[in-house]
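Enquirer: Chain order of the listed sequences is P, W and V. Residue numbers for the first sequence follow the numbering used here, so the first one is 1 and each next one is one higher. Residue numbers for the second sequence follow the numbering used here, so the first one is 1 and each next one is one higher. Residue numbers for the third sequence follow the numbering used here, so the first one is 1 and each next one is one higher.
Any given hint could be a false lead.
SDA-like mimics (lysine to any residue), calculated; alpha carbons at most 20 Å apart, straight line [unchecked claim]:
1. W:173 to P:194
2. W:173 to P:167
3. P:125 to P:115
If you only want the chain P side, here are some residues facing chain W, beta carbon under 8 Å, derived [as the list claims (entries may be wrong)]:
4. 155
5. 168
6. 169
It should be emphasised that the hints constitute simulated quantities derived from the structure, not laboratory data. Heads up, the beta-carbon is just placed ideally off N, CA and C, and yes, glycines get one too.
What follows is the residue order along each chain.
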Amino acid sequence: MNGFTTLVARDLRLVWRRPGDVAVVLAFFVVATVLFPLGIGPQADVLARIAAGVLWCAALFASLLSLDRLFASDYEDGTLDLLLLAPWPLELAALAKCAAHWIVTGLPLAVLAPFLGVAFGLDAKSLVALAATLLVGTPTLSLIGGLAAALTLGARRGGALLALLALPLCVPTLIFGAGAVESRAIGEDFSTHLVILGALALVALATTPWAMAAALRQAGE
Amino acid sequence: MADLHFLANPARFRRFSQRVLPGLALTTVLALLIGLYFALVQSPPDYQQGETVRIMFVHVPSAWLAMLGYGLLAVLGAALLVWRHPLAALMARAAAPVGACFAVVCLLTGSLWGRPMWGTYWVWDARLTSMLLLFFLYLGHIALSRAYDDPERGDRAAAILALVGVINLPIIKFSVDWWNTLHQPASVARLGGPAIHPTILVPLLWMAVAFLLLFILLVLLRTETEIDRRRLETADQLS
Amino acid sequence: MAPALLEVLLLEVEGLACRRGGRRVFDRLSFTLVGGELLALTGRNGSGKTSLLRALALLVRPDTGTIRWQGTDVQAEPETWRGRLAWLGHLDGLKADLSVRENLLVAERLRGGGPAEDRLDGVLIAFDLASLALRPVRTLSAGQRRRTALARVALSQAPVWLLDEPLNALDQPAQGAFRAALAQHLAAGGLALAATHADLGLPARTLDLP
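Isolated chain P, as found in the complex:
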């Protein structure tokens, strides 16, 4: 576990030295969200109806933004080779990278989204559901995105290809995340959705580290 915490701490320290990278992702989230009322019109009932989907989709796109650098920076400066040569499992190293990504991307998005939800006319219960589902759902996005990043490491058109690979796999999380907020908005319970989101996160946790490690080893060949 020592290697795991060292790697997470290292990546967090690197982000701390360049806070602009995180700020850009969050700014994109806000801008992308704001585009929808501008494109569709500011009628309150329409906005309240689309709020859950728009916020979740924007969070999904914002999460993907920083992913193509997840392993690429290590690949380019040679530190990926050192991770491949570490005497502890590469699967843990990949998990550590995704954990750091979530802390600086998913977590702030979950905190920021409710403020934007207010602009869409969501009530307090729905805002809670929004924050809770993003909190449980964004780790899955970081894991799936991490896998897509590992698979496209060094590929041509890496960024667009990463999105093409990751987005279909993120659909279940999107459906249950946005569905939970909508469910809350019409006064119903969202605990089932939350449980399913948790289950999706566990499935991602069980499958993606192995796949990421396999993909990273190929990048090293």
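Starting from the known structure of chain P, arrange chains W and V on it as the hints suggest.
Expert: Relative to the frame of chain P, chains W and V by itself:
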């Protein structure tokens, strides 16, 4: 000096396919003719949908083959990653576009079939939406395998993707079904069509068999092409 | 920098062959290396020196052949083998936004090594990095970065050093510091394999890759 390692298995495959292809092609054409006869001539028009129900005989088998195709990609991916079998990579490269085409045929026929019923070319029906997502997974596989200058790297990355994708397919299907029941009013006619009846089952199975043979035929043909292409690429690098 | 070892270390390579992109890069290489020996890999560019080093590090899967460390096949226990290695590749393996000191400490911890603060100052002085210790690596010159990378290797106390063009970008004083560290490593019973164009300046066996 040419590297014989690569050529060993594919040469055997070529001999096998040369023997099998002519008979297979003939059988495929026969099966298609028989299936189409049953579908277009023998089976009765539906009392509700009229003649357009016959599109089902293309739509449903192509759905099955699209799903089977992705399963094949996963199996070939496992064969490549675990046993490093070079033919598995080439066959996966050959099979992915074929499976993707079946997915497209399924989507197009589904859209045409639904038009008289729904009034539009697309509604967000659960099965069509799932098939659309499967098509995207195919696109991802195809794009990833060709995204690297070193084709072997692309093959192995796509193999990993196929394995992850096949695990996700039931999850995606489940969540799209759930999403659909949540949003779709119950009165919209399902694309399932009428209940399965013997007069429908026989042509359906014939068409399914014919499509399966067609799938195998196309994959074998394209695998030969991929072997040739890989040989040319390797020769280029050696010279 | 490693303490003297009580047993003689032995690396045996038999029949190692590797293919890259369909082409045989090296074929049926065999050699043994004991503690205290330095093996210089020579050959033209593209002759497979880097591939050999990467195959020894298990970064690349060789087509055939075995690598044995102390009599045990390294493929049977890859994680243990990797713990015995210190790697210096073409790239420096340093994070540009971390300082020299931070880079060295993080790298050692990621290698699974214990706390290295006490050894760190000695290594910094040996490679003349003491005055640069707190500067972010991106502000250093190429030669200073290479020195930092070498310091990382020297800090590691790993018995086997795998070095790819270690003298690249180094000026004379830095080359001297590297030779001293390498000599110390060999004297303590360690092994080293170095792919190099230049003369390493230490007694070495050579393996020429055609």
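Enquirer: Taking the least C-beta to C-beta distance, is residue 168 of chain P closer than 8 Å to chain W?
Expert: 4 Å, holds
Enquirer: Is the hinted pair residue 173 of chain W and residue 194 of chain P satisfied, with a Cα-Cα distance of at most 20 Å?
Expert: Holds, because 19 Å separates the two Cα atoms, which is no more than 20 Å.
Enquirer: With a cut-off of 8 Å, does the beta carbon of residue 155 of chain P approach a beta carbon of chain W closely enough for the hint to hold?
Expert: 4 Å, holds
Enquirer: Next item in the hint list is residue 169 of chain P. Is there a CB on chain W closer than 8 Å to its CB?
Expert: 5 Å, holds
Enquirer: Can the restraint linking residue 125 of chain P and residue 115 of chain P be considered satisfied, given a maximum Cα separation of 20 Å?
Expert: OK: residue 125 of chain P and residue 115 of chain P at ~13 Å, within 20 Å.
Enquirer: Quick one, are residue 173 of chain W and residue 167 of chain P close enough, alpha carbons at most 20 Å?
Expert: 15 Å, holds
The structure meets every hint from the earlier list without exception.
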